[in-house]
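With the hints as your guide, set chain B onto chain A.
Residue numbers (my numbering), protein chains in the order written: chain A, 154 to 400; chain B, 154 to 400.
Every clue listed holds true.
No copy labels: a pair is met if it fits in one copy or bridges any two.
Using 25 Å as the maximum straight-line C-alpha spacing, the simulated DMTMM-like pairs for lysine to aspartate or glutamate come out as follows:
| id | residue 1 | residue 2 |
| --- | --- | --- |
| 1 | LYS365 | GLU383 |
| 2 | LYS388 | ASP250 |
| 3 | LYS378 | GLU362 |
| 4 | LYS238 | GLU295 |
| 5 | LYS334 | ASP203 |
| 6 | LYS379 | ASP391 |
| 7 | LYS334 | GLU222 |
| 8 | LYS238 | ASP337 |
| 9 | LYS334 | ASP344 |
| 10 | LYS166 | GLU275 |
| 11 | LYS238 | GLU366 |
| 12 | LYS209 | ASP381 |
| 13 | LYS379 | ASP250 |
| 14 | LYS238 | GLU333 |
| 15 | LYS209 | GLU333 |
Simulated from the structure, these hints should not be mistaken for lab results.
Because the structure is a prediction, the values reported are computed rather than measured.
What follows is the residue order along each chain.
Protein chains: 2
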Amino acid sequence: MNSTYFTRRTIRKYEPREIGEELLERILTAGVRASTTGNMQVYSIIVTRDRAIKEKLAPAHFNQPMVTEAPVVLTFCADFNRFSKWCRQRDAEPGYDNFLSFMTAAIDALIAAQTICNAAEEEGLGICYLGTATYNADMIIEVLELPSLVVPVATVTLGWPAQVPDQPDRLPLEAVVHQEKYVDFTASAIDDLYRAREARSDSIQFVAENGKETLAQVFTDVRYKKSDNEFFSAKFLDAIRRQGFTV
Amino acid sequence: MNSTYFTRRTIRKYEPREIGEELLERILTAGVRASTTGNMQVYSIIVTRDRAIKEKLAPAHFNQPMVTEAPVVLTFCADFNRFSKWCRQRDAEPGYDNFLSFMTAAIDALIAAQTICNAAEEEGLGICYLGTATYNADMIIEVLELPSLVVPVATVTLGWPAQVPDQPDRLPLEAVVHQEKYVDFTASAIDDLYRAREARSDSIQFVAENGKETLAQVFTDVRYKKSDNEFFSAKFLDAIRRQGFTV
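This is chain A alone, in the form it adopts within the complex (with noise of 0.2 Å):
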């Protein structure tokens, strides 16, 4: 297989150079290719090129500077609108309003998502995925004016890379795959499978950067933080119903 999968990594800075329209139409076609539930293509992908809007979907991802600076920035939708619209003109009554059609939707929108930046790495280009998309749905929804049974799920810029950052760790395989069945992890799994990451010198370096004691308490007391989840869980869940889906 091609060897971008394994020498990928995230890209945040890019060229100030358009992606021409038959690359990114190829791009496209490569996504929409890819598994749908029963065919129905459940999903909708904003693509923003014009710098206003960008400006104005800044704030809803933090003001990140690659919203702005990427020269395509992709939103993927968990879509039953136009499903059902056809449905209704075709005699027949939509069920789609409901949490297991929201969720084959984004599972729709996540396939083709992850597809598209595939492909596109394989072409040079370099991605980012911008998980504040369900942070800031609500904003979403109203700048990119997403109707009912539309949902945001993830955002990508897409651009050329004007970096080339070091590529990040990963834990080793066996954190993450599991043979035949579950197997819970022992303490003494959990050192094992963390102890390489915590020895990195960039790791050493975070926790003295945030004051803290431990890689851990990073990611609890300062990026990903309990109140936080909570507060733009409440937040994501409002937007879902909002746009039409019970939940």
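Only chain B this time, still in chain A's reference frame:
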């Protein structure tokens, strides 16, 4: 980019031939290098090859034959168990038992899943996503012994293709791709987007076989019924909550 993106089709019949350990490990490693939120890797992959366990999983997937016939069944899970255990061992209090964290972990799982599918297909393997992973998450949790904060979100069967089915049609690109903002569909736009699909002989046959008047009715009345969606929504939400996520 490699042509597999454009020539692929879902494969439901497999040769009775194993997937070599080395190949499987390479494919899984490709998945592990894909994007993950804050490098937390909050997902897990259960690799099931054992016939007896596949037979126990089969009912969760409505006994679709590929579950027992495929040499490998992959179950992709949203997983905050390992990460939370690590936090607790490092004097850090995890706060990931909420809906946002569930979604973050589900997104991580699906990004890995689809990278693995793309890499597998590039190697000549065939894949099939089983949407039933969310329908019957409770049954999968029991068979695979998934602990608290672990929820299956996708199952993929993997093997060497023993069939070359027709490639399914897809809607025109403009059905899923919107430029700059979401442009909602007029009635005539819906007609245009679905015209070719509805005119296909296999679509016409499908409508007739199901005793329906329109293709949309096959979806709303037979394949993805409102009553089923609501039943499985409640069941999936219950499974998520019992695994410890507040929704």
